[in-house]
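Read top to bottom, the protein sequences are chains Z and B.
Just so you know, our numbering puts 7 at position 7 of the first sequence, and the rest follows in order with no gaps.
Just so you know, our numbering puts 42 at position 42 of the second sequence, and the rest follows in order with no gaps.
It should be emphasised that the hints constitute simulated quantities derived from the structure, not laboratory data.
No incorrect hints appear here.
Which copy is meant is left open, because identical chains are indistinguishable; a pair holds if it fits in one copy or across any two.
Computed cross-link-like contacts, EDC-like style, restricted to lysine to aspartate or glutamate with a CA-CA straight-line distance of at most 20 Å: (1) K122 / D76; (2) K122 / D67; (3) K53 / D186; (4) K53 / E23; (5) K159 / E142; (6) K53 / D21; (7) K53 / E16.
These numbers were taken from a predicted model, which means no experiment stands behind them.
Number of protein chains: 2
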Amino acid sequence: MSEQQKSSNVVWHEGEVNRADREAKNGHKGVVLWFTGLSGSGKSTLSHAVENKLFQMGVHTTVLDGDNVRHGLCGDLGFSDVARRENIRRVGEVSKLFVDAGIVVLTAFISPFREDRQVVRKLHQAGDFIEIYCAASLETCESRDVKGLYKRARQGEIKNFTGISSPYEVPEKAEITVDTGSLSLDESVQQVMHYLYANGIVIK
Amino acid sequence: MSEQQKSSNVVWHEGEVNRADREAKNGHKGVVLWFTGLSGSGKSTLSHAVENKLFQMGVHTTVLDGDNVRHGLCGDLGFSDVARRENIRRVGEVSKLFVDAGIVVLTAFISPFREDRQVVRKLHQAGDFIEIYCAASLETCESRDVKGLYKRARQGEIKNFTGISSPYEVPEKAEITVDTGSLSLDESVQQVMHYLYANGIVIK
Numbered sequence: 001m002s003e004q005q006k007s008s009n010v011v012w013h014e015g016e017v018n019r020a021d022r023e024a025k026n027g028h029k030g031v032v033l034w035f036t037g038l039s040g041s042g043k044s045t046l047s048h049a050v051e052n053k054l055f056q057m058g059v060h061t062t063v064l065d066g067d068n069v070r071h072g073l074c075g076d077l078g079f080s081d082v083a084r085r086e087n088i089r090r091v092g093e094v095s096k097l098f099v100d101a102g103i104v105v106l107t108a109f110i111s112p113f114r115e116d117r118q119v120v121r122k123l124h125q126a127g128d129f130i131e132i133y134c135a136a137s138l139e140t141c142e143s144r145d146v147k148g149l150y151k152r153a154r155q156g157e158i159k160n161f162t163g164i165s166s167p168y169e170v171p172e173k174a175e176i177t178v179d180t181g182s183l184s185l186d187e188s189v190q191q192v193m194h195y196l197y198a199n200g201i202v203i204k
Numbered sequence: 001m002s003e004q005q006k007s008s009n010v011v012w013h014e015g016e017v018n019r020a021d022r023e024a025k026n027g028h029k030g031v032v033l034w035f036t037g038l039s040g041s042g043k044s045t046l047s048h049a050v051e052n053k054l055f056q057m058g059v060h061t062t063v064l065d066g067d068n069v070r071h072g073l074c075g076d077l078g079f080s081d082v083a084r085r086e087n088i089r090r091v092g093e094v095s096k097l098f099v100d101a102g103i104v105v106l107t108a109f110i111s112p113f114r115e116d117r118q119v120v121r122k123l124h125q126a127g128d129f130i131e132i133y134c135a136a137s138l139e140t141c142e143s144r145d146v147k148g149l150y151k152r153a154r155q156g157e158i159k160n161f162t163g164i165s166s167p168y169e170v171p172e173k174a175e176i177t178v179d180t181g182s183l184s185l186d187e188s189v190q191q192v193m194h195y196l197y198a199n200g201i202v203i204k
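Sequences and hints are given; from them, build the entire structure.
Here you go:
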């Protein structure tokens, strides 16, 4: 590109598409809905149900969960405390890239450590990070044990299993606490949607 | 969530929003436009100019480049060969997450190693990965030296600098080769757009 072009590039860069442009086009803010809770607490189910609702309303969405992250971006990580921290850090950074792209990104990871969730919160601008605690109790999650993971953890076949051999630190200031141990899925979705309406994140 | 809800969850999961849904809503495919080339070859400028054009047309886009990745997702990585490989691998995985979200993602990284670009290509479905070689020569890039990096690399202040102390492996089968050493920015954008029209990735 010639000298002249380089000058025009500079002008051009002032016109780079930015987050505000994307949000104006999409008709809604980019935010992250960060679902946290024990294995079996309903994070993945609830996040996908909320996404479906949002998508039907015309909101631009995506879900990050173990299915599309643990084998890809974080395929090099195990389940030690250090590896889990790095997993959450990367998911946090990727969620920011989606928010900057004007998208509502829903993440479904146990994310057991308060400090790690705080690190992700601080990556984001105020109001962009919405922590949603799926508050089913260990007893409830273990009694469901849909994937048989709790049984294996109790037998020592799985190490560092949250709730059994590794701690889960309950959120102290989650924007939304959903009692997924007793609410139906529809009720849980409604609770999340109510927050999003009440805070002007999406419009009915 | 009750047993009944769990059953309905199973049904529900069949209705998860998928890539085809997102693409139908957006009115275009998700693809990655992978810009590669030497430092100063115009990757970042061209990718942002193409994004601007696409965005004005109503296409849902985002750009991944050093500005939003190197300090965030890949902030733990340096510039050794191993670290560069990991950088490109992560960017490749994130580009896939955006493609799955139905977005046209433009990436602007030197990505000097053929094998690494091949790894990213293989992550994607056929047709989703469009390699765009910004083919300005080393002589041209070094003579521009907008950021003074080549000078510093020649003086040994920057190690592993592509083109000087670390190789750049020219793409053998790039979908698009843009002669950014002599074309204007407008001409370069037009060449990329022509490919996207001709291959039905976006519609005029």
